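Novice: In case you want the letters, here they are:
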Amino acid sequence: MVDVERLREIAREVISRDDVRQLIGYRQGTYGFRARPAFITSPEEVDQLIFSPACVNNLATYLTLEEKLPVPRGQEPDLRKVAVMVKGCDSRALVQQMEEKAYERERIVVLGIPCTGVVDMDKVEKRFPDVLSRGEITLEGDKFVLSFDGQREEVPKEELLADKCKRCRYPTPLVYDQLLDEAVERFADDDYSDVLELEKRSAEEKWAYWEEKFSRCIRCYSCRNVCPMCYCEDCVLDRLNPQWMRRSVDISENTAYHIARAYHLAGRCIQCGECQRVCPVEIPLMELNRKFYKDVEELYDYEPGTDAEAPPLLATFKVDDREDFIL
Amino acid sequence: MAEKNNDFEPNIVAFLCNWCSYAGADLAGTSRIQYPPNVRVIRVMCSGRVNPLFVMNALQQGADGVLISGCHPGDCHYMQGNYYARRRFALMRNFLEYLGVEPERVRMSWVSASEGAKWKEVIEEVVSGVKSVGPMNKFQRRQLNW
Chain A
1 MVDVERLREI AREVISRDDV RQLIGYRQGT YGFRARPAFI TSPEEVDQLI
51 FSPACVNNLA TYLTLEEKLP VPRGQEPDLR KVAVMVKGCD SRALVQQMEE
101 KAYERERIVV LGIPCTGVVD MDKVEKRFPD VLSRGEITLE GDKFVLSFDG
151 QREEVPKEEL LADKCKRCRY PTPLVYDQLL DEAVERFADD DYSDVLELEK
201 RSAEEKWAYW EEKFSRCIRC YSCRNVCPMC YCEDCVLDRL NPQWMRRSVD
251 ISENTAYHIA RAYHLAGRCI QCGECQRVCP VEIPLMELNR KFYKDVEELY
301 DYEPGTDAEA PPLLATFKVD DREDFIL
Chain B
1001 MAEKNNDFEP NIVAFLCNWC SYAGADLAGT SRIQYPPNVR VIRVMCSGRV
1051 NPLFVMNALQ QGADGVLISG CHPGDCHYMQ GNYYARRRFA LMRNFLEYLG
1101 VEPERVRMSW VSASEGAKWK EVIEEVVSGV KSVGPMNKFQ RRQLNW
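Protein sequences appear in the order of chains A and B. Be aware that the first sequence starts at 1, since it is given in this note's numbering, and climbs by one per residue. Be aware that the second sequence starts at 1001, since it is given in this note's numbering, and climbs by one per residue.
For the record, the hints were derived by calculation from the structure and aren't laboratory data. Hints should not be assumed to be uniformly reliable.
When the alpha-carbon atoms are kept at most 27 Å apart in a straight line, the in silico DSS-like pairs for lysine-lysine are as follows [said to hold, decoys possible]: (1) A:Lys101 to A:Lys81; (2) A:Lys318 to A:Lys294; (3) A:Lys318 to B:Lys1118; (4) A:Lys143 to A:Lys157; (5) B:Lys1131 to A:Lys206; (6) A:Lys200 to A:Lys166; (7) A:Lys123 to A:Lys68; (8) A:Lys200 to A:Lys126; (9) A:Lys200 to B:Lys1131.
Quick partial rundown of chain A residues pointing at chain B, CB under 10 Å, derived from the structure [to be verified]: (10) Ser202; (11) Ala203; (12) Leu240; (13) Trp244; (14) Met245; (15) Val249; (16) Ala256; (17) Lys291; (18) Leu314.
For clarity, every value in this text was computed on a predicted model and none was experimentally measured. C-beta: ideal position from N, C-alpha, C; glycine also.
Full structure from sequences and hints, please.
Specialist: Following this line, the structure appears as structure tokens:
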């Protein structure tokens, strides 16, 4: 576990630098066990910062989400760096963004957090409903310890761990300027059992499964907005000419939306699971992303977000790519 | 599988590259080769021009099958367009299959300008494939009857 005092000390050092404009980290949420993003601009605010298994957000999103206002005439743009705290999965988002030349490596300061897994807030809330006072979650050995209202509960790690952490291949950040703790060993691997299970079904069963899921979609676009890889200024969903998918909420347009969203993440999704976490109607979006993840690994031996120097998957090709499906 | 209907004539949208497959289809026509008339051809400059969303959109708007056809690898007029198309299409096809769209509906072929006879075979194969899985009844746009 990351020592909070050390984290704050390093953060204070970083935000005090002249060339750092902002530090993005985690702070305690307003109620319950939740943590929320903290945007730190001065050394006085550093004491808010925390890190615990409740820090589920992928902060890499905010690097590209920040609105870049036009600079008034006569003023210089603020080119100071942004510091960001990343877990293993979040660091892959940074790598993938840099692979796509979203920004230069010099523009960011990365504080890497070797991560031993975060909780799934839905599982926590199911288990401890109606916790309105501020609670805390810590990891002690192989148990999550939840303390709230003077109570202390111990839960085996497996029961609350987020699904993405159960198949995490890179718990230690792949890119960092400073590591806040000792690197952690990989403690899980991905066997794609969920995707394989679904692939085995017949076409009718698959469609019945997805029709039910897609028909629930209310097209809030949370999954797009939270995604660290969805940072196009001109999104295909907002286009009116051509209008690829209409705004009406019906099974046809919903399916089109989910095809387009998932396809735009083909070879780019880094499995941080944020889309599924924020989905208000619980569509298993990661099962869509993971299908591409699996195919890309099998067909092209490519893993997104692991090598910032590699060319993006669909912007390159090999002469001997598989083509047994071609007539 | 959807119920088989012998009277079912599928609508197939074919995206043909200008330099090879379109010329190949043209050759089949000028050579008076008979092939099933279920194909609606859309000419694009290169198979690399075909956005995977085209496939989705065609299926949404009532196509029962989609065919993308381009030059053989190495023969692309733009040197490498068909290689990119191949990667994109492989992923799209697998993904649509994962959602429950039968793989018979989305096909890709290489047809060169001199392969009028191969064009006929490709079309026969695609049409019989789509016929075997029946009409597309998954995520088309609802058509209003005026």
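Novice: With reference to the structure, classify each hint as holding or not holding.
Specialist: Now for the hints, and whether the structure bears them out:
Restraint check: the Cα-Cα separation between A:Lys101 and A:Lys81 comes to about 16 Å, which is no more than 27 Å; the hinted pair holds. Using a Cα cut-off of 27 Å, the hinted pair A:Lys318 and A:Lys294 holds, with the two alpha carbons roughly 18 Å apart. With a CA separation close to 26 Å, the supplied pair A:Lys318 and B:Lys1118 stays within the 27 Å bound. Taking the CA atoms of A:Lys143 and A:Lys157, the gap is about 5 Å. The hint holds against a cut of 27 Å.
For the given pair, B:Lys1131 sits about 20 Å from A:Lys206 by alpha-carbon distance, which is consistent with the 27 Å threshold. Distance restraint check for A:Lys200 and A:Lys166: the Cα-Cα separation of roughly 23 Å lies within the 27 Å cut-off, and the hinted pair is therefore satisfied. Between the alpha carbons of A:Lys123 and A:Lys68 the distance comes to roughly 37 Å, so the proposed pair goes past 27 Å and is violated. About 31 Å separates the Cα atoms of A:Lys200 and A:Lys126, which puts this hinted pair outside 27 Å; it is violated.
Using a Cα cut-off of 27 Å, the hinted pair A:Lys200 and B:Lys1131 holds, with the two alpha carbons roughly 23 Å apart. Because the smallest distance between the Cβ of A:Ser202 and any Cβ of chain B comes to about 8 Å, under 10 Å, the interface hint for this residue holds. The criterion of a C-beta within 10 Å of any C-beta in chain B is met by A:Ala203, whose closest approach is roughly 5 Å, and the hint holds. The closest approach between the C-beta of A:Leu240 and any C-beta of chain B is roughly 15 Å, which is over the 10 Å cut-off, so the hint fails.
The beta carbon of A:Trp244 comes within 6 Å of a beta carbon in chain B, closer than 10 Å, and the hint placing it at the interface holds. The beta carbon of A:Met245 comes within 8 Å of a beta carbon in chain B, closer than 10 Å, and the hint placing it at the interface holds. Of the supplied interface hints, the one on A:Val249 is violated, with its beta-carbon coming no nearer than about 12 Å to a beta-carbon of chain B, more than 10 Å. Hint status for A:Ala256 relative to chain B: holds, with the closest Cβ pair at about 6 Å, below 10 Å.
At a threshold of 10 Å, the smallest CB-CB gap from A:Lys291 to chain B is about 5 Å, leaving the interface hint in force. Annotation: interface hint on A:Leu314 holds; nearest CB of chain B at approximately 6 Å, less than 10 Å.
Hint compliance for this structure: hints 7, 8, 12, 15 are broken, all remaining hints hold.
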